[in-house]
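J.: Keeping their order, the protein sequence lines are chains A and B. Here the working numbering = 1-based position in the first sequence + 783. Here the working numbering = 1-based position in the second sequence + 743.
Source of the hints: derived by calculation from the structure; they are not laboratory data. We treat Cβ as the ideally placed atom computed from N, Cα and C, and that holds for glycine. Mixed in with the good hints, there may be bad ones.
Claimed, not checked - Ranges of calculated distance between the beta carbons of each label pair, as one might list FRET restraints: (1) E955(A) to F936(B): 46 to 56 Å; (2) K1094(B) to P829(A): 43 to 53 Å; (3) K990(A) to Q750(B): 25 to 35 Å; (4) T1044(B) to S960(A): 30 to 40 Å; (5) Q1218(B) to K990(A): 50 to 60 Å; (6) S960(A) to K1019(B): 49 to 59 Å; (7) Q1218(B) to P919(A): 33 to 43 Å; (8) Q750(B) to N1015(A): 24 to 34 Å; (9) A1132(B) to P919(A): 54 to 64 Å.
Claimed, not checked - Under the rule of at most 30 Å between Cα atoms (straight-line distance), these lysine-lysine pairs were calculated in the DSS-like manner: (10) K990(A) to K775(B); (11) K990(A) to K759(B); (12) K922(A) to K982(A); (13) K900(B) to K982(A); (14) K922(A) to K1196(B); (15) K900(B) to K910(B); (16) K1210(B) to K917(A); (17) K759(B) to K982(A); (18) K1147(B) to K972(A); (19) K824(A) to K1210(B); (20) K759(B) to K1094(B); (21) K1215(B) to K824(A); (22) K1013(A) to K1196(B); (23) K934(B) to K1018(B); (24) K1196(B) to K1158(B); (25) K775(B) to K989(A); (26) K989(A) to K759(B); (27) K937(B) to K845(B); (28) K759(B) to K1013(A).
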Amino acid sequence: MSEHTPSIPAEVYFFGTCLIDVFYPDAGISAIELIEREGIKVIFPPQQTCCGQPPYNSGYNDEAIEVAAAQIALFTRPIPVVVPSASCAAMMKHHYPRLLEGHPLHAQALNLANRIYEFSEFLSNTVNITLQDKGPPIKIVLHQSCSARREMQVTTQTMQLLHQLENVEICEPERASECCGFGGTFAIKQPEISAAMGKDKCDAIKKTGVLNLISGDCGCLMHLSGMMAKDNAPIRSEHIASLLWRRTR
Amino acid sequence: MTPTFRQRATDALADKALRSNFRGAMDFLREKRASVFTDERELAELRALGHQIRANVLSRLPSLLEQLEAQCQKNGIQVHWAETPNEACEIIYQIMHRRNAKLAVKGKSMVSEEVGLNHYLETRGIECIESDMGEYIVQLAEETPSHIIMPAIHKSKEQIARLFEEKIDGVGYTNNVDELIGVGRTILRDKFFKADVGISGVNFAVAETGTLCLVENEGNGRMCTTIPPVHIAITGIEKVVEKISDIPPLLSLLTRSATGQRITTYFNMISSPRKKGERDGPEEVHLVLLDNGRSRIYQDTHLQETLRCIRCGACMNHCPVYSRIGGHAYGTVYPGPIGQVVMPQIEGLEKHGEMTEGCSLNGACGEVCPVEIPLADLIRTLRQKKSAAAIPPDNRAGIGSHRKKTEAIAWMFWKWVHRAPAIYLMVTFAISRLRLLMPRSFGAWTRYHSAPKPAPQTLHELMRHRKQATSKEDQL
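With the rest of the complex left out, here is chain A (with noise of 0.2 Å):
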């Protein structure tokens, strides 16, 4: 077996998500390959589905209640658990607790809250990762998604591994911190203003010449990529762990 240093633990749990499960697994390979590579075991709920945040953030809280209850009893354990999505990862830790506030499972919730963690945040402060870059130089926009601003608070953390990779070079597209207009059920309840806030992020993404678009976030990525590829813009996204894997293996 690997050594470890206290404070990094020997297992972890891996909450998939939904987009991930479907659009990116490669992502979710990617991290959890990143994870078992510093010697932690990675147990991934085979009966694990949707963080319920589309109901959620929709008003359907009694929709969102059963999901997150049928997630909650998956990851029992005292173990840490790694998303890697701020948004799923901040449904999960903030607002499961306010969620089953009266439900049978409000304390198990708030036990799983504080065992939470966004993956870039894990890799980063958890785990301390050293990562070796073996790729040819590139170019990368970093897009941070709302979430992994405010809610998860894990910019520094993202920015942290992206640093170590020396021949990535991140550039920063203007009005940075401004959200990409995806929120989840807002691009199908209001696509105008989303698609209107998207191709603004887009026409800054295009503007610094990047042809590389980074996220922790797969919401933004399948937004603003579907949305470049409806203009035909030769941009290529990835999810950040997918970027990880490929450049230190």
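Keeping the supplied structure of chain A fixed, place chain B upon it in accordance with the hints.
T.: Same frame as chain A, now just chain B:
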């Protein structure tokens, strides 16, 4: 039929001049605010203090209001309570009627907009002139404010120049800002001296001393409250603060958050009508305290956080939606994030439930709120109330009024799939296998995006294969 929020927003998005006016103004205001909050720790401490001061007020709101009333009366300020907008207008009209007043000058007051005061007085033969330059422009254009601090922010100086040329006799076209302000100033100065009544809002009403505080930049507020023989102040009941010592931190938070100013040009503290031997000041000062749903908001400990608001407008300045659609698209007196929270609560979800959808829950508003109102959480809560299945018997709040059968059924299906792993695995497996047969069009999504492409295998599948591979290795 009145257009929906979505329709108005779509129209606003297509208006290039409006888009550029708002984008420029909001970028400017964001930068200004950032330039006066350079010390992150000081900002965090100040916001926490502002939160605490306002939360403390709400924890003892009824007794502070009684104290405010008593102290004001002691100072000679007459206090009136209005439960509804109509009551507030009628109280003000009666004060004016008693004095046979025909002309009122008004300083900036969003509560007077909330109650529709100008219109009420106008139909009763009283002219009410807006004296804040932005409000004056909006009144001249027969529009409504598009921002709570900068009511004419939707207009460029060229648009204002054309408006002045068209509406004011003897004024030619000039887009020189100083000249435009000069025009307004000349007209208004005359009105200040002729007015029978001055009307103003209130930023903070101090219970301890019975002092009405008024924050402004143009001096028109001071003119309105000192020159005419009668001053009528109108405000919401939540604007009370406990002590005079609460004012410095709140004032600093307000001006820095609103316009990026360390202090405004004018800060008025009104504590009484003209006293014996004094040479100026109004003979009568009235304070109209408006409820209009606020005491209902007060009943709910979570929604009560709405009432901490000090109306700085920073939430709209930083809102990516407001920055693009502007204030009028909301179709309400208060626009932007605070409007999305206030309006459905004071006028009901039935009428204003839809506007809660105009938010990506990005949290930029709550991040800058000087009193730390969790606006995104409140918007989410209101969405839940508008779509609730159980409707209470006395339902003035409009709970459940926006519940749509199709949406409810869609979420029910969603729940069935996601609470049962076996069904979820079947559905996601099917999606990955049918990926090439997926429709190319998904309603509104594919109008702006290419159709999303599911991966050939889900993460669940890949993980299953991985596990099988490891267990085989273990067996070998």
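J.: What hint numbers does the structure not satisfy?
T.: none
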